[in-house]
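Chemist: The lines below spell out each chain.
Protein chains: 2
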Amino acid sequence: MSDQVPLPAEFSLIARHFRPLAGPGALNLEDDAAVLALPAGRELVIAADAMVAGVHFLPDDPPGSIGRKLLRTNLSDLAAMGAAPLGYLMTTAFPQGTVDAWVAEFAAGLLLDQAEFGLHVLGGDTVSTPGPLTLSLTILGTCAPGRALRRHGARPGHQLWVSGSIGDGALGLRVLQGKLPPDPFLADRYRLPRPRLALGQALVGLASACMDVSDGLVQDLGHLCRASGCAATLRAAAVPLSAAAAAHPALLPLLLTGGDDYELLFAAPPEAAPAIRAAAQAAHVPVACVGGFAAGPPGVTVLGHDGAALALPKGGWSHF
Amino acid sequence: MSDQVPLPAEFSLIARHFRPLAGPGALNLEDDAAVLALPAGRELVIAADAMVAGVHFLPDDPPGSIGRKLLRTNLSDLAAMGAAPLGYLMTTAFPQGTVDAWVAEFAAGLLLDQAEFGLHVLGGDTVSTPGPLTLSLTILGTCAPGRALRRHGARPGHQLWVSGSIGDGALGLRVLQGKLPPDPFLADRYRLPRPRLALGQALVGLASACMDVSDGLVQDLGHLCRASGCAATLRAAAVPLSAAAAAHPALLPLLLTGGDDYELLFAAPPEAAPAIRAAAQAAHVPVACVGGFAAGPPGVTVLGHDGAALALPKGGWSHF
Numbered sequence: 003m004s005d006q007v008p009l010p011a012e013f014s015l016i017a018r019h020f021r022p023l024a025g026p027g028a029l030n031l032e033d034d035a036a037v038l039a040l041p042a043g044r045e046l047v048i049a050a051d052a053m054v055a056g057v058h059f060l061p062d063d064p065p066g067s068i069g070r071k072l073l074r075t076n077l078s079d080l081a082a083m084g085a086a087p088l089g090y091l092m093t094t095a096f097p098q099g100t101v102d103a104w105v106a107e108f109a110a111g112l113l114l115d116q117a118e119f120g121l122h123v124l125g126g127d128t129v130s131t132p133g134p135l136t137l138s139l140t141i142l143g144t145c146a147p148g149r150a151l152r153r154h155g156a157r158p159g160h161q162l163w164v165s166g167s168i169g170d171g172a173l174g175l176r177v178l179q180g181k182l183p184p185d186p187f188l189a190d191r192y193r194l195p196r197p198r199l200a201l202g203q204a205l206v207g208l209a210s211a212c213m214d215v216s217d218g219l220v221q222d223l224g225h226l227c228r229a230s231g232c233a234a235t236l237r238a239a240a241v242p243l244s245a246a247a248a249a250h251p252a253l254l255p256l257l258l259t260g261g262d263d264y265e266l267l268f269a270a271p272p273e274a275a276p277a278i279r280a281a282a283q284a285a286h287v288p289v290a291c292v293g294g295f296a297a298g299p300p301g302v303t304v305l306g307h308d309g310a311a312l313a314l315p316k317g318g319w320s321h322f
Numbered sequence: 003m004s005d006q007v008p009l010p011a012e013f014s015l016i017a018r019h020f021r022p023l024a025g026p027g028a029l030n031l032e033d034d035a036a037v038l039a040l041p042a043g044r045e046l047v048i049a050a051d052a053m054v055a056g057v058h059f060l061p062d063d064p065p066g067s068i069g070r071k072l073l074r075t076n077l078s079d080l081a082a083m084g085a086a087p088l089g090y091l092m093t094t095a096f097p098q099g100t101v102d103a104w105v106a107e108f109a110a111g112l113l114l115d116q117a118e119f120g121l122h123v124l125g126g127d128t129v130s131t132p133g134p135l136t137l138s139l140t141i142l143g144t145c146a147p148g149r150a151l152r153r154h155g156a157r158p159g160h161q162l163w164v165s166g167s168i169g170d171g172a173l174g175l176r177v178l179q180g181k182l183p184p185d186p187f188l189a190d191r192y193r194l195p196r197p198r199l200a201l202g203q204a205l206v207g208l209a210s211a212c213m214d215v216s217d218g219l220v221q222d223l224g225h226l227c228r229a230s231g232c233a234a235t236l237r238a239a240a241v242p243l244s245a246a247a248a249a250h251p252a253l254l255p256l257l258l259t260g261g262d263d264y265e266l267l268f269a270a271p272p273e274a275a276p277a278i279r280a281a282a283q284a285a286h287v288p289v290a291c292v293g294g295f296a297a298g299p300p301g302v303t304v305l306g307h308d309g310a311a312l313a314l315p316k317g318g319w320s321h322f
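Order-wise, the sequence lines are chains A and B. Under our numbering, the first residue of the first sequence is numbered 3, with each subsequent residue one higher. Under our numbering, the first residue of the second sequence is numbered 3, with each subsequent residue one higher.
It should be emphasised that the hints constitute simulated quantities derived from the structure, not laboratory data. We treat Cβ as the ideally placed atom computed from N, Cα and C, and that holds for glycine. Heads up, some of the hints might be wrong.
Label pairs and their computed distance ranges (CB to CB) [said to hold, decoys possible]:
#	chain 1	residue 1	chain 2	residue 2	range
1	B	A275	A	A11	33 to 41 Å
2	A	A248	B	H154	52 to 60 Å
3	A	G120	B	A249	50 to 58 Å
Counterexamples of contact, computed for chain A against chain B with all Cβ distances above 10 Å [as the list claims (entries may be wrong)]:
#	residue
4	A35
5	A52
6	W104
7	G125
8	A229
9	A249
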């Protein structure tokens, strides 16, 4: 059985599964580092994320979706900065006993996303671990000098926006954990984030602040408030929900704090609203104005459907 | 006791221990990515390595040395390419129960090396793991366009060189495992590689091929032979040994195959020898000519002290 074949030695594994993912600058993964020139007149935008089996994804998630989730969460960071993808490096710590067919599926998933998002692998490292599968990815992108979107520009009077729909990822995790009934849409939203790259790049010059929502809408909005030095009000009734999420009205607190959204959260002056709506339409991503910013100490007030402040059970995800 | 204080929440941990390591471009670790321009007229050189407790280092190694080892192994990749350091991103997966004082020591070690090697952290991610401490680091450097050292340029008639001394790291691991008597010099060589950055940059234009020795001298020389399409002969008697390693003549096979050297292995035409010796002297790193390249199928012949071919027990380190 092909899935019983043990892993080939480290270098054969890299040659078989990862070399086909390599692009310009990777030097065929045969040298000690990649070498590349940035496109003329662009700055480098770079971020890294790690994922651990059982923490960031389920150990029995399809192998093809695991690498794609990591790549997409990193691409979401580029989207939040208004950057265009350039390439990535990935380190993989495989548990002993990982079979060759698993790695083949893992790499096949990455190949799909490389084609979808237009980037290639530049390098990395493959090691063994006595612990769970652990992945780390560094994403490279570029932007025009001085034009990256940042978190610190929201000002009193600016509107608060989010892209897509909120809460699907948190519900999808509960579906996959068996805590909610099976729902392929929600499971897919947990496993395969949609990095809003086109929207992020279109928001350059329009948004006054931007970040991606990964640790829960309310907690992440708090970060944006602290960076910008102002207060925010979030209108729960305006938060865009998928039909699947809207079917769980009792779980509203989870939707607003649960994490794994990978949508863009951004601020903009009111006069930018028509241009933002046009940019979103061009990027084929819905956007919704969900609140606004005011002078005051950094903090988030969430207004419920009745207009009264909602008390939420916790601020969001923390690893410790 | 301060070492009994549990880890602060994720964001406090980053603010306390990692923000002080951040440099220009890191945006104070408050945004979704770092943004930086490359120095004018330079190309980006980028590599990533991962390390797992119990695989790449000993779980009870001093916390301050663990991050430094990872940073230095990555800097060694830059040295091998003839590149100058620019910055790094690091992801850390900490086991539950990691105490604040451990992270403080870990970060203090990185701060020392940042000062020694002239670079800063640009970004990263901090997560929890049910498994062993797992670290991944992406190093950024720069080189003049088209001038990076590669592995593929060795030609028949070229000489084979190594820097520093070989085998200390492999012996140091055995010392720390209690398999050899205590030896602070060897233990230090295992824990703190010396990336040969000045030498690597000085070899640009002199060496025809270069790589760093991380998985064992003989195995890594095999990689260089395959990349260059020629055969190599390694004279064991010419391989530079520290006094501590020379005291273990029976362990010669281990010294030549054991890994963790982080020295430079390079090829050059014979006429470059005087310039190489001068460059090494200027960089304060000893170099030794240890063999040469010949036409033939890629492969390594090791000649023992008696001039006869040595049969070595295994090729070198593989994770699988």
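Chemist: For every hint, state whether the structure bears it out.
Modeler: Hint check results:
| no. | hint | result |
| --- | --- | --- |
| 1 | B:A275 - A:A11: 33 to 41 Å | 36 Å, holds |
| 2 | A:A248 - B:H154: 52 to 60 Å | 58 Å, holds |
| 3 | A:G120 - B:A249: 50 to 58 Å | 56 Å, holds |
| 4 | A35 | 4 Å, violated |
| 5 | A52 | 4 Å, violated |
| 6 | W104 | 13 Å, holds |
| 7 | G125 | 5 Å, violated |
| 8 | A229 | 6 Å, violated |
| 9 | A249 | 31 Å, holds |
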